[in-house]
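Following the hints, put chains R, X and F in place on chain S, whose structure we already have.
Number of protein chains: 4
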Amino acid sequence: MSVPYLINSAGGYIPASERIPVIARPFVSERAKKTLDLVERFVEEECIPADTVFKQSLGETTVERFDAHPQVIEDLKAKAKKLGLWNMFLPSNHFKEGAGFSNLEYGLMAEYLGKSATASEATNCAAPDTGNMEVFAKYGTEEQKKRWLGPLLNGEIRSAFLMTEPQVASSDATNIELDMKKDGDYWVLNGQKWWSSGAGDRRCQIYIVMAKSDPTNKNVYRQQSVILVPADTPGVTIHRMLSVLGFDDAPHGHGHITFENVRVHKSNMVLGEGRGFEVVQGRLGPGRIHHAMRSVGAAEKALEWFLARLNDPAKKPFGKQLSEHGIMLERVAKSRIEIDSSRLSVLNAAIKIDESNAKDALKEIAEVKVQVPNMLLDVLDRAIQAYGGAGVSQDTPLANMWASGRTMRIVDGPDEVHMLQLGRNENKRGPALLKRIEAQKEKSRELLKQYGLKERDVLELNRVSGGKSKL
Amino acid sequence: MSVPYLINSAGGYIPASERIPVIARPFVSERAKKTLDLVERFVEEECIPADTVFKQSLGETTVERFDAHPQVIEDLKAKAKKLGLWNMFLPSNHFKEGAGFSNLEYGLMAEYLGKSATASEATNCAAPDTGNMEVFAKYGTEEQKKRWLGPLLNGEIRSAFLMTEPQVASSDATNIELDMKKDGDYWVLNGQKWWSSGAGDRRCQIYIVMAKSDPTNKNVYRQQSVILVPADTPGVTIHRMLSVLGFDDAPHGHGHITFENVRVHKSNMVLGEGRGFEVVQGRLGPGRIHHAMRSVGAAEKALEWFLARLNDPAKKPFGKQLSEHGIMLERVAKSRIEIDSSRLSVLNAAIKIDESNAKDALKEIAEVKVQVPNMLLDVLDRAIQAYGGAGVSQDTPLANMWASGRTMRIVDGPDEVHMLQLGRNENKRGPALLKRIEAQKEKSRELLKQYGLKERDVLELNRVSGGKSKL
Amino acid sequence: MSVPYLINSAGGYIPASERIPVIARPFVSERAKKTLDLVERFVEEECIPADTVFKQSLGETTVERFDAHPQVIEDLKAKAKKLGLWNMFLPSNHFKEGAGFSNLEYGLMAEYLGKSATASEATNCAAPDTGNMEVFAKYGTEEQKKRWLGPLLNGEIRSAFLMTEPQVASSDATNIELDMKKDGDYWVLNGQKWWSSGAGDRRCQIYIVMAKSDPTNKNVYRQQSVILVPADTPGVTIHRMLSVLGFDDAPHGHGHITFENVRVHKSNMVLGEGRGFEVVQGRLGPGRIHHAMRSVGAAEKALEWFLARLNDPAKKPFGKQLSEHGIMLERVAKSRIEIDSSRLSVLNAAIKIDESNAKDALKEIAEVKVQVPNMLLDVLDRAIQAYGGAGVSQDTPLANMWASGRTMRIVDGPDEVHMLQLGRNENKRGPALLKRIEAQKEKSRELLKQYGLKERDVLELNRVSGGKSKL
Amino acid sequence: MSVPYLINSAGGYIPASERIPVIARPFVSERAKKTLDLVERFVEEECIPADTVFKQSLGETTVERFDAHPQVIEDLKAKAKKLGLWNMFLPSNHFKEGAGFSNLEYGLMAEYLGKSATASEATNCAAPDTGNMEVFAKYGTEEQKKRWLGPLLNGEIRSAFLMTEPQVASSDATNIELDMKKDGDYWVLNGQKWWSSGAGDRRCQIYIVMAKSDPTNKNVYRQQSVILVPADTPGVTIHRMLSVLGFDDAPHGHGHITFENVRVHKSNMVLGEGRGFEVVQGRLGPGRIHHAMRSVGAAEKALEWFLARLNDPAKKPFGKQLSEHGIMLERVAKSRIEIDSSRLSVLNAAIKIDESNAKDALKEIAEVKVQVPNMLLDVLDRAIQAYGGAGVSQDTPLANMWASGRTMRIVDGPDEVHMLQLGRNENKRGPALLKRIEAQKEKSRELLKQYGLKERDVLELNRVSGGKSKL
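So the protein lines, in turn, are chains S, R, X and F. According to the working numbering, the stretch in the first sequence is residues 5 to 475, in order. According to the working numbering, the stretch in the second sequence is residues 5 to 475, in order. According to the working numbering, the stretch in the third sequence is residues 5 to 475, in order. According to the working numbering, the stretch in the fourth sequence is residues 5 to 475, in order.
The shape of chain S in the complex, shown without the other chains (with noise of 0.2 Å):
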């Protein structure tokens, strides 16, 4: 059966690319725009009634869950290659193995992917494979992007980034300290990781992790190297699986892992020792401009739910339909503001990227960091409250959504990081801010004196206190 993308009050369909904001669209190819309307057809039509049928292919118990690998993914999957969306994550400027877009024309259809829990798999866009493929593209050695980066790019295999460590702040990753020392040709690495999110998926078979190598560097930002681990690798053990409040993530799921003598050969290094904070960093950005549309995706979901339970014709408490209630329609407003904002704010820091490189827009990506998850959470926390108890139960994907927007607050670095190094770096600019301030004070001194005005303000009230005015 047929489900079209039915924008507007008539029913009619306008396609995704026709509602590329108007400021965007001089950064768009006409390929991409077929492509992003093939996108969304596919999001709507295939992957959200797919979603239903991955997550109920799953069993009850934890290891059940973690172990399944639905058909209907693998099926998903073969379509997608099909309708030529695949890996088009890889941005174009930087690798030749993608499928040739800019970050902001992905960006475009990660807004998509976003609305559905199996199109990014499905098209091989799924995190933490997309950052980690950027890291192979970028960093690996022709050996390691044979292993690894081919089967990757194929949807063979997955993978995880090991960064994070429960026993430290991480938010200041200059903590880690998963412990890795040499030992001949080989480097033996003993330590904890968690949050190592695609680990509970068992064709999760490389994982990339961050160790301390040189603890005693001076220098805070080299004590760190990230070396790569197969899954399999003596001595590594996957302890439990976290959950997001309630909900597993099966079979993605989100790992604490354990390394007690874990041994990998030195060409197994990324980049090279002391290192890590340059991988890192590299990796993260235009990441975090993929995660932020299909955050933006989300929201634009959970909007659409919103209005279609606001147009229910069974739900009217007190006589009349939600949407004759002035509240709805006011959150319902604000929700299209906080989106729209929010996607202009992704799509500026999209094409800062496109047009230099992920340090360049160190500030725009940092914003949008901080302000599309506390959007999302915003609109879903609206759209639960119209549905009541369906909202937050399994009857929406809103709570699930919600789940995982209230992570993103947290993960690549809390909001509370973002937001005191972008403050920091405004401030920068305060003490030249000062001194332009004093010379426009200067001036309108010299002004006042060449018109013949005294200060009148500083005058205004000359008498001795307390008695009659001397004016």
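Please note that the accuracy of each hint is not assured.
No copy is singled out in the list; a pair is fine if it fits within one copy or between any two copies.
[Claimed, not checked] With a Cα cut of at most 20 Å, we get these calculated PhoX-like pairs of lysine-lysine: (1) K432 x K324; (2) K81 x K142; (3) K81 x K447; (4) K439 x K320; (5) K83 x K185; (6) K363 x K85; (7) K222 x K185; (8) K222 x K320.
Keep in mind the hints are simulated off the structure, nothing from the lab.
The following block gives chains R, X and F in isolation, referenced to the frame of chain S:
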């Protein structure tokens, strides 16, 4: 003396044209960039220092203050004209009389004008004249244009737009009821108007007045007409001036004006009888974008003052400069995010108007009408709080900016009206979305069958209540 | 081992009774104070440690989890009974069956019960049994009391209150439509209910059901009746269990229950035909206060966990312990303010009920129904953010508390319904206030005359528009 | 004419004493109740109508406005004295000079005083005189009392407290640096003060001044002294008056005052050299409660105006009266909740002071210092928005109230300082709480063993990474 725009931490200068958000750049001509840089310098070096002079040139009594016309503003106007900074507001795609810029281009300039109390008038880009000139240019007869548009474009006279009335809920313009009756070749007006901004200035010579000419018309949007009333017409009295949170905004001001048998010739009619709403709607779109961009500039200025305070070496509460307090940096970051995001919304709306017209950009205009003033107030509130007592006093521009900003949430329709309209339009998609979600659910059910799955959730605990499970 | 309540900075102990807000003290008996201190110790030393045990005693599959009845809860119940901590909830002014405390006194205890997942059941003070026991005590026939109230008071069985239905907008209870038809001495029920909390527990033996017995009654508040349905009545099926943001709340749970020709004898009617609304309203008042005080306790617990994290010596982002980051301290302060203020609101409402009844305390109850859950969510959000990944995971109680707290904004009527009711009642004063303000203005005008003053404001700028001032 | 307090929907009258929150009633004597009812009538019937007269009695120029002393205020004072409404503020447990009310009792009255611009002065309960009289009563020598306290208690003169300075961050009072040097029997003062509230009134005869007498004292809290400076001492000049968001608050006002070799005899020292902080702290506690209750009254007044507007039959946007718009009712409800909750916080703090002293109520006072002004601004903002243009203009009291309310977030220490202090104090419990949580976890582990359970969560997915599960 020189007051350069010091933007980077080293005190270095980056011209305004290079700080245009990357996403907006394709829409800005080289000529506009050059003008933009000129505007910035003119505002920072000439207008802001002159603001204080303008304010201190006014007297103390109400009559003195509204009769004042400080010389400094005429001097600024002369400078602006010489620099070619004149009438930049008239959109190039609609009018030949303007400077030939698009709404987007002028929007970028308006941001800087919004940083000064004198800059808009100095460049003949001040409200309400800008909107009024658009009305003349768009709808005026040749005679009307000659008599009023010429002097307005030259900055010789000023004008007011009289719409709001005190005795009705003017947020719903169909309530406007100033009486207007035909008497031969004349119309006779009776009633009152308030918030007639600009009417305080004694150079204000022409009022564009909305009045009820056809009270029984079944189409409530055809009951009103817009007509020109010269300010010195007998029967017109400025009853009093309204204050805005304690500020009188002299000599511009906000008038409360009474009409007592005011007779104007029928040739003063604008566009035609019963077409008042057309005139009003044609006028408001671009004007709201201008206002919004000025507000973005005001917010940027507030942030600059905020940053200056954080770095004032004399202000060290609890042994640390304010910039070392994390709370302050977080507020800076929030402000940065909100300003940047709002700016993109306005620019996108401006482009939408440029590429089509204000009517098609209804959604985008309503969004920024709500988003921007609220953002401005949040940023101002943080800056005020950082300044303490100085923040609410006459020693910073913040208090006055707050008063104006607060009013922006009311003028041209309060937030609530725009949100209701936005919400209602958005809600029209609801029934179609409900249908789509139902179609997706139906497809899920088909797929579940196809994959041999039962609807797990619906049959989860199939037991007779209270008894043992039967599964 | 001992787990004292360490309240002050020196680690010293201040018993709960000494931390009662000073304003509430006159309302608390010595006996209640002693019991309160016992409650606190019982919760902190016995129940909270048992929470983890309870949770880990449950199985993994849905059936296992809802069939479970962990021994630890029975052991806690035995301890509680021995300590005299049993049925404290039944208000002394209405029932002889309870422990003899006022709503205020029990409210103070409920705060501590709210800090543990097991404490309420351990002391036989768990919802929905508490409200249900009130229904039996207040409206039950002798036979109904004997059959159900006795075992409930002894903690032998559990109960559920079935009101909400999935197919209508249950936020407006007049929409409740489960069909209930007379057939001789029997009533026959057909339809469905959901959010039947507590129905998951296999000890749940009795349902109190609201159904539509008189659908054509002109008084919409007389169409419903409340009737008792034993859980094992043929035709009753627990269709499935609902989840709350990913949590199943097993074995208690939230049931979706179907009724198919369910026959119950007419002696099961509560209070009388068509009096369903009376029963519901009589039940909800004090229950909302209990819920609210538990939420205050939950918020207090969240703040305690927040404070613990701030002082965890292992967590030092950016070289400082979290407690040295001003942003965190500001959030602590906000939380402190909001919790303390909310507590006073609840206590005041409790006293209002004690001194009169729930109906007279309508305003106060609605206020806390809205205020407290929102406050709880704000406090929890801050604590979660401070914990980062641990905050959303199973490693802290915060995520589960958040899910429950979020649901509190929906159960027993969503925020919006209570605010609408509050707003409407408050609005009734409007016309009288309008009159008063007019009277005050009139008196002002008289006084102005009396003091020889003209109405300055109204005549401020009496000039012919655009001309010179005439003053 | 009569202006009764119409409280219920039928226009009926319920006296203030019957509207005291039930939780506070045990603390209010019959005498206080009678006075409270008198206060309410006096405020509503006499003071509020006089507010307009007072305002319109002032002139237009700065000098005129600050030299004014409208007769109406003296007439009100005479009436108040006759009614026995005089000096109610002096707490009965500390001073014999007052009317014999507790802080709680006076707090209840202060709420009503806060609804009028003239009521506080009319009853001799106006800041800063109240705090200053407390200083005299508490710390003054007999001579000082005779000279200043007597006339102040009689309402013959007024006073100011000079603390804040423009050139330092006064939010941290240790920065106060007005120079004060001994010269024989005299102290010589040099420097400047601002925000010297009340100094504008020419009846203001005495300044209580905080200055730095011992700049090198190692204890930064012993460097300052408080000394009396008669307003007409040579060398004292009121430099100018500060405005508050455009309002000059004449004739009371906020002075910027310079000291040039101002000599005062050593007998003017208050309490003793180096004891300035003691004086300041002793002064602020109850004063903050008074301010807070006046703000509660102001919020209540704002809500009353809001409700009046909702019911103005002339104001019907979009065909419905404002009270029929759900958005407005929601805002009314929010306001109701916030006001009622804040009131309880203030009353609880007042009782805490009554039962002990301001120092012991440090937490409670800081809480209301932050909570109440923010609440007031939120309520005012909603009322202003409902009024539209009238809300920001001189036609309602709302704009002026907003300006004063905004300032309350800064005076007597900005929000941030109080929150930092609150947060720090609360944080002291952190280490003890961390210990307790650890003890609870330890006990959980013991119980798990005891019940034969393994730590399920910790061993959930014990598989070698990437391989098949081993469970």
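Worksheet item: Which earlier hints can't be squared with this structure?
Response: Those not satisfied are hints 2, 5, 6.
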